[in-house]
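**Student:** One letter stands for each residue in the lines below.
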Amino acid sequence: DTGVSQDPRHKITKRGQNVTFRCDPISEHNRLYWYRQTLGQGPEFLTYFQNEAQLEKSRLLSDRFSAERPKGSFSTLEIQRTEQGDSAMYLCASSLGTPGFLFFGPGTRLTVL
Amino acid sequence: RKEVEQDPGPFNVPEGATVAFNCTYSNSASQSFFWYRQDCRKEPKLLMSVYSSGNEDGRFTAQLNRASQYISLLIRDSKLSDSATYLCVVRIQTGANNLFFGTGTRLTVIP
Numbered sequence: 001d002t003g004v005s006q007d008p009r010h011k012i013t014k015r016g017q018n019v020t021f022r023c024d025p026i027s028e029h030n031r032l033y034w035y036r037q038t039l040g041q042g043p044e045f046l047t048y049f050q051n052e053a054q055l056e057k058s059r060l061l062s063d064r065f066s067a068e069r070p071k072g073s074f075s076t077l078e079i080q081r082t083e084q085g086d087s088a089m090y091l092c093a094s095s096l097g098t099p100g101f102l103f104f105g106p107g108t109r110l111t112v113l
Numbered sequence: 114r115k116e117v118e119q120d121p122g123p124f125n126v127p128e129g130a131t132v133a134f135n136c137t138y139s140n141s142a143s144q145s146f147f148w149y150r151q152d153c154r155k156e157p158k159l160l161m162s163v164y165s166s167g168n169e170d171g172r173f174t175a176q177l178n179r180a181s182q183y184i185s186l187l188i189r190d191s192k193l194s195d196s197a198t199y200l201c202v203v204r205i206q207t208g209a210n211n212l213f214f215g216t217g218t219r220l221t222v223i224p
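Sequence order for the protein chains is H and R.
Each residue of the first sequence is one higher than the one before, counting from 1 in the working numbering.
Each residue of the second sequence is one higher than the one before, counting from 114 in the working numbering.
Source of the hints: derived by calculation from the structure; they are not laboratory data.
Ideal placement from N, C-alpha and C gives every residue a C-beta, glycine not left out.
Among the clues, some could well be false.
[Unchecked claim] Covered by chain H, according to a simulated footprint, are these stretches of chain R (three or more residues, beta-carbon under 8 Å):
(1) 131 to 143
(2) 156 to 170
(3) 176 to 190
[What the hints assert, rightly or not] Derived CB-CB ranges, DEER-like:
(4) G97/H x G171/R: 22 to 28 Å
(5) I26/H x R179/R: 30 to 36 Å
(6) F101/H x P224/R: 47 to 53 Å
(7) Q17/H x R189/R: 23 to 29 Å
(8) I223/R x R59/H: 27 to 33 Å
[What the hints assert, rightly or not] Below, computed lysine-lysine pairings styled on DSSO-like, alpha-carbon distance capped at 27 Å:
(9) K71/H x K14/H
(10) K14/H x K158/R
(11) K14/H x K115/R
(12) K155/R x K192/R
(13) K71/H x K192/R
(14) K14/H x K192/R
(15) K14/H x K57/H
(16) K115/R x K155/R
(17) K57/H x K192/R
(18) K57/H x K71/H
(19) K158/R x K192/R
(20) K192/R x K11/H
(21) K71/H x K11/H
(22) K158/R x K115/R
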């Protein structure tokens, strides 16, 4: 399967714990995006990488959130001191650069108890 | 004010029907427009871009009205497999490469 992959697919954690998600984009894609989606809403932009550089961060991304893409390949999204409001689907997407043409991964569903 | 607004539906239509969704956007500087499809508990997938002159892909027709700031998606001869949530997406040329997604319109095609 050469699509975008995400790991884990599901994560249940207790409030206050740290969690880390991984995204492996399509191999030739240099752009990588993180989105968050809650029930009944569309995906909300969190952050964007071009190669290893993080070029844009949403105001939604509080200082508890950090994302990296160390070698311009896979990316991680870490949430520290999770809160119940962090419960959502975290979607990763990659693209070659054609605006709007994103390929999404299956997402990581986070539940914070 | 949201960048993109859609009627969440649900739209319940019989097989073979024609159904249309509209979506409005607030920023007149919006550059590019798309429709994505999202099946239940799945990731969004690009359905089609929306071009200024309108465009068609099989049973799907997308149109853009810049003066009124809305885009539309028309589905002809609905199939059961068309049941999904349709997300309207707008790209604003602000220097950031991000997209604004609507909340989606849910379509159920009934046998």
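**Student:** Now tell me if each hint is right for this structure.
**Tutor:** Hints, verified against the model:
1. 131 to 143: Violated - the stretch 131 to 143 of chain R has 0 residues with a Cβ nearer than 8 Å to chain H, which falls short of three.
2. 156 to 170: With 5 residues close enough to chain H, the hint holds.
3. 176 to 190: violated (count 0)
4. G97/H x G171/R: 22 to 28 Å: 27 Å, holds
5. I26/H x R179/R: 30 to 36 Å: At 32 Å between Cβs, range holds.
6. F101/H x P224/R: 47 to 53 Å: 34 Å, violated
7. Q17/H x R189/R: 23 to 29 Å: 50 Å, violated
8. I223/R x R59/H: 27 to 33 Å: 41 Å, violated
9. K71/H x K14/H: Cα-Cα ~31 Å, so violated.
10. K14/H x K158/R: 31 Å, violated
11. K14/H x K115/R: 32 Å, violated
12. K155/R x K192/R: 19 Å, holds
13. K71/H x K192/R: This hinted pair is violated, its Cα atoms lying about 44 Å apart.
14. K14/H x K192/R: Violated, at roughly 43 Å.
15. K14/H x K57/H: 26 Å, holds
16. K115/R x K155/R: 24 Å, holds
17. K57/H x K192/R: The hint is violated at about 39 Å.
18. K57/H x K71/H: Holds. K57/H to K71/H sits at ~19 Å (cutoff 27 Å).
19. K158/R x K192/R: 18 Å, holds
20. K192/R x K11/H: Violated: K192/R and K11/H sit about 35 Å apart, past 27 Å.
21. K71/H x K11/H: Judged against 27 Å, a Cα distance of about 25 Å means the pair holds.
22. K158/R x K115/R: Distance ~22 Å between K158/R and K115/R Cα, so the pair holds.
Checked against the numbered hints listed earlier, the structure breaks hints 1, 3, 6, 7, 8, 9, 10, 11, 13, 14, 17 and 20; every other hint is satisfied.
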